[in-house]
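Q: Letter by letter, the chains look like this.
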Amino acid sequence: MGYLARQLAGRTDPATDAGWQEAPGRKGFFTDTSICIGCKACEVACKEWNALPMDGNLDLTGNSYDNTGDLGASTWRHVAFVEQSQERIVAARESGRRLVNLGMPTVGSPPPSPDPTSRAVPAGYGMPPAPAEEHGPSLGDLLAEKDSAEYRHLGTTVEGTAMVGPLPEFRWLMASDVCKHCTHAGCLDVCPTGALFRSEHGTVVVQPDVCNGCGYCVGACPFGVIERRTDSAVSVRKDGHVPDVGVAQKCTLCYDRLSHDQEPACAQTCPTTSIRFGPLEEMVDLARRRVSQLHEQGFTEARLYGANDDDGVGGTGSVFLLLDEPEVYGLPPDPVCATSRLGEMFRTAGYAGAGLLGAAALAFLGRRS
Amino acid sequence: MTTSPFDSYRPPESSVRRHRRDGGRRPRSWLNREGGGAREAPAVPDAEFSSYYGRAVVKPMPWKAEIPAYLFAGGVAAGSGLIATGAAATGRELLRRNSRLTAMGAVALSGVLLVADLGRPERFLNMLRTVKLTSPMSVGTWILSGYAACAGLTTASEIARLVSLPEHGVQGVAARVLGALDMPASAGQALLAPPLAAYTAVLLSDTATPVWFESRHQLPFVFVGSAAMASGGVQLVLTPTAETGPARRFALIGVATELLAMQRLEDHLAEMELDEPLQTGAAGAKLRLARALAVAGGLGALAAGRSRVVAVASGAALAAASALTRFGIVEAGIASAKDPRYTVDPQKRRLERRRASGRVDDGAVTVR
Numbered sequence: 001m002g003y004l005a006r007q008l009a010g011r012t013d014p015a016t017d018a019g020w021q022e023a024p025g026r027k028g029f030f031t032d033t034s035i036c037i038g039c040k041a042c043e044v045a046c047k048e049w050n051a052l053p054m055d056g057n058l059d060l061t062g063n064s065y066d067n068t069g070d071l072g073a074s075t076w077r078h079v080a081f082v083e084q085s086q087e088r089i090v091a092a093r094e095s096g097r098r099l100v101n102l103g104m105p106t107v108g109s110p111p112p113s114p115d116p117t118s119r120a121v122p123a124g125y126g127m128p129p130a131p132a133e134e135h136g137p138s139l140g141d142l143l144a145e146k147d148s149a150e151y152r153h154l155g156t157t158v159e160g161t162a163m164v165g166p167l168p169e170f171r172w173l174m175a176s177d178v179c180k181h182c183t184h185a186g187c188l189d190v191c192p193t194g195a196l197f198r199s200e201h202g203t204v205v206v207q208p209d210v211c212n213g214c215g216y217c218v219g220a221c222p223f224g225v226i227e228r229r230t231d232s233a234v235s236v237r238k239d240g241h242v243p244d245v246g247v248a249q250k251c252t253l254c255y256d257r258l259s260h261d262q263e264p265a266c267a268q269t270c271p272t273t274s275i276r277f278g279p280l281e282e283m284v285d286l287a288r289r290r291v292s293q294l295h296e297q298g299f300t301e302a303r304l305y306g307a308n309d310d311d312g313v314g315g316t317g318s319v320f321l322l323l324d325e326p327e328v329y330g331l332p333p334d335p336v337c338a339t340s341r342l343g344e345m346f347r348t349a350g351y352a353g354a355g356l357l358g359a360a361a362l363a364f365l366g367r368r369s
Numbered sequence: 001m002t003t004s005p006f007d008s009y010r011p012p013e014s015s016v017r018r019h020r021r022d023g024g025r026r027p028r029s030w031l032n033r034e035g036g037g038a039r040e041a042p043a044v045p046d047a048e049f050s051s052y053y054g055r056a057v058v059k060p061m062p063w064k065a066e067i068p069a070y071l072f073a074g075g076v077a078a079g080s081g082l083i084a085t086g087a088a089a090t091g092r093e094l095l096r097r098n099s100r101l102t103a104m105g106a107v108a109l110s111g112v113l114l115v116a117d118l119g120r121p122e123r124f125l126n127m128l129r130t131v132k133l134t135s136p137m138s139v140g141t142w143i144l145s146g147y148a149a150c151a152g153l154t155t156a157s158e159i160a161r162l163v164s165l166p167e168h169g170v171q172g173v174a175a176r177v178l179g180a181l182d183m184p185a186s187a188g189q190a191l192l193a194p195p196l197a198a199y200t201a202v203l204l205s206d207t208a209t210p211v212w213f214e215s216r217h218q219l220p221f222v223f224v225g226s227a228a229m230a231s232g233g234v235q236l237v238l239t240p241t242a243e244t245g246p247a248r249r250f251a252l253i254g255v256a257t258e259l260l261a262m263q264r265l266e267d268h269l270a271e272m273e274l275d276e277p278l279q280t281g282a283a284g285a286k287l288r289l290a291r292a293l294a295v296a297g298g299l300g301a302l303a304a305g306r307s308r309v310v311a312v313a314s315g316a317a318l319a320a321a322s323a324l325t326r327f328g329i330v331e332a333g334i335a336s337a338k339d340p341r342y343t344v345d346p347q348k349r350r351l352e353r354r355r356a357s358g359r360v361d362d363g364a365v366t367v368r
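These protein sequences, in sequence, are chains U and Y.
Going by my numbering, the residue at position 234 of the first sequence is 234; the numbering climbs one at a time, nothing skipped.
Going by my numbering, the residue at position 74 of the second sequence is 74; the numbering climbs one at a time, nothing skipped.
Keep in mind that the hints were calculated from the coordinates and are not lab data.
Nothing here was measured: the structure is a model prediction, and the numbers come from that model.
Some hints could be false.
Have a look at the derived ranges for each label pair, beta carbon to beta carbon [stated by the list, open to error]: (1) S235(U) / K338(Y): 20 to 30 Å; (2) V163(Y) / Q21(U): 54 to 64 Å; (3) A256(Y) / S235(U): 29 to 39 Å; (4) V44(U) / A256(Y): 35 to 45 Å; (5) P121(Y) / P24(U): 46 to 56 Å; (6) Y3(U) / A296(Y): 50 to 60 Å; (7) G278(U) / R359(Y): 26 to 36 Å; (8) E48(U) / L289(Y): 44 to 54 Å; (9) S235(U) / A108(Y): 30 to 40 Å.
Positions of the beta carbon are idealized from the N, C-alpha and C atoms, including for glycine.
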């Protein structure tokens with residue numbers, strides 16, 4: 001693919017495309033929502049490190065434990081809370097099973113085959129999500145004592161292992177959302193001043209002193225992340241000053257910390273390692289191993305979001321493991337970077353413009369009076 | 001099913017409106033509102049709507065009335081430039097003068113409106129620190145600047161003619177320079193006018209706003225039609241009927257283009273079940289009124305051969321129709337961004353269609 005075509009769509013290395021030489025490699029997040037406990041430490045750490053003002057008042061939303069609402073100019077991490085009944089868990093499991101049955105090609109190299117010793121133990125729903133990375137008690141040990149025969153009617157996992165234990169009647173989904181740092185970032189593409197730029201880490205960062213607040217990036221983001229800070233923001237500083245009012249703001253993936261080989265504040269503070277940070281390739285690999293592990297244990301509803309470089313935004317720098325459809329968490333099911341259609345848009349506009357010129361000529365030449 | 005006695009205090013889920021495709025389904029409580037993704041599967045399964053507490057997925061454009069007003073003013077400027085150049089080429093003195101002055105006034109107003117809508121108006125010059133082809137706003141800024149430069153020259157030449165500068169001295173030199181620049185500036189104005197009228201459609205379409213993005217193939221035609229209609233209408237108001245023949249024809253072509261393109265846009269969005277924002281609310285009312293005014297103004301313009309009164313009335317109706325169309329389209333887009341249904345439903349449907357046709361490798365959701 002040519003250099004120009006690569007700028008708008010398809011899989012590519014964004015830092016190289018942006019002209020960085022000897023880029024240090026693309027960095028990213030892996031947010032594993034299956035082990036998120038909804039503590040909101042990431043929200044707090046983000047606010048503190050980046051000295052973000054309050055979003056205005058302290059109203060309660062009535063939406064479960066989520067009183068943050070959504071990502072915005074002064075909220076760069078947002079923890080979503082979703083309460084679900086058994087019926088919805090079944091539906092999520094079925095939609096996950098359907099995804100498996102679609103026979104999607106694997107992303108990158110094939111996933112590691114499951115540990116053969118763990119295959120013998122039944123997988124179960126009656127247990128909380130299995131601990132990550134061999135920490136804590138193993139689900140296999142917990143279930144090994146059970147007589148799996150009495151649960152045979154509960155079906156099998158996607159690998160064909162028998163399921164044990166009843167479905168929970170209720171579950172809470174908690175997920176820490178963040179800027180996706182898209183490979184093809186709508187906000188960055190449409191910024192008319194160059195205030196948004198691609199960093200050497202492959203992330204997308206705003207320069208608040210260059211942004212003139214046109215607001216174009218706000219509508220161009222397919223995930224609804226970036227926002228213009230309004231004067232309703234409330235300062236938490238002694239002098240009462242709110243910086244950068246009228247300027248578009250979003251997660252920088254802690255550009256300042258990355259420049260000093262530190263990890264972003266949210267990832268460092270996350271007590272359950274739900275938020276992981278590192279080279280994007282490693283993050284995607286980790287995500288794929290985790291989703292395989294969950295499937296193996298019967299959590300068919302587990303799926304990855306943003307790990308596909310062939311999607312509408314060319315893959316994201318923030319990969320998520322979700323336990324239901326993306327829209328349940330407020331994420332778009334099929335995000336597309338509008339700029340990937342820019343060629344056809346300008347072409348259509350060209351035809352229309354030529355038509356206008358022709359119409360004017362016709363009006364003056366038509367009947368000469 | 002309730003999980004605690006306190007659930008009865010929860011407000012009913014009112015933000016999720018019933019989708020027209022799932023009539024007859026069992027009622028949903030707050031707990032099962034997400035529906036399900038695993039029903040009996042037809043070739044293309046129904047895309048079930050679910051959202052995060054009815055919150056918007058994409059952010060609505062933070063644009064206020066200045067932007068649709070600019071779309072209108074920019075359209076008037078572009079169309080007037082074309083009329084001015086045509087009038088200059090065919091020797092219609094009054095039409096040339098009036099349309100040149102209109103173009104200049106409209107393009108100046110455009111600049112003021114655009115600067116006023118910025119979050120940091122004092123930094124408006126940052127637009128000119130870079131040329132960025134991936135940003136329709138950057139491209140548009142340069143088109144507008146180039147157009148304004150040409151319009152400035154033709155206006156200066158027009159004013160020089162109006163005040164009849166003396167033939168000698170500094171003023172005489174200025175008059176001769178302006179006279180020499182008149183032709184090239186006029187040509188430049190005519191060449192930059194179509195991009196000025198059409199780029200604003202790309203400006204709107206190159207966003208995640210569902211109605212604007214999905215109407216990307218029709219919107220440029222709506223906008224150029226609207227520009228022709230508005231600028232022709234303004235000249236019907238300003239210029240005596242003896243010289244407005246071309247402006248009238250230009251406006252009529254504009255009316256036909258706009259009505260046809262708008263119809264196609266609505267049909268296309270109806271196919272995607274995304275036409276509701278164009279039909280309902282303030283945007284729907286504006287678009288309906290715009291259509292009525294365009295038809296009335298068009299009929300008036302057809303009959304306005306002799307009568308100045310009819311010409312003024314129909315010209316005003318055409319300009320108003322154009323303005324209402326711009327406001328209606330902008331408001332419908334913002335309404336479509338505020339309701340997650342318009343973001344989620346079309347995306348789910350196109351995903352299902354792709355999956356049904358065997359393309360399973362281009363979704364954002366993967367399992368391995």
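Q: For each hint, tell me whether it holds in the structure or not.
A: Hints, one by one, checked against the model:
no.	hint	result
1	S235(U) / K338(Y): 20 to 30 Å	28 Å, holds
2	V163(Y) / Q21(U): 54 to 64 Å	59 Å, holds
3	A256(Y) / S235(U): 29 to 39 Å	55 Å, violated
4	V44(U) / A256(Y): 35 to 45 Å	59 Å, violated
5	P121(Y) / P24(U): 46 to 56 Å	38 Å, violated
6	Y3(U) / A296(Y): 50 to 60 Å	52 Å, holds
7	G278(U) / R359(Y): 26 to 36 Å	31 Å, holds
8	E48(U) / L289(Y): 44 to 54 Å	51 Å, holds
9	S235(U) / A108(Y): 30 to 40 Å	38 Å, holds
The structure is inconsistent with the numbered hints 3, 4, 5, although it conforms to all the rest.
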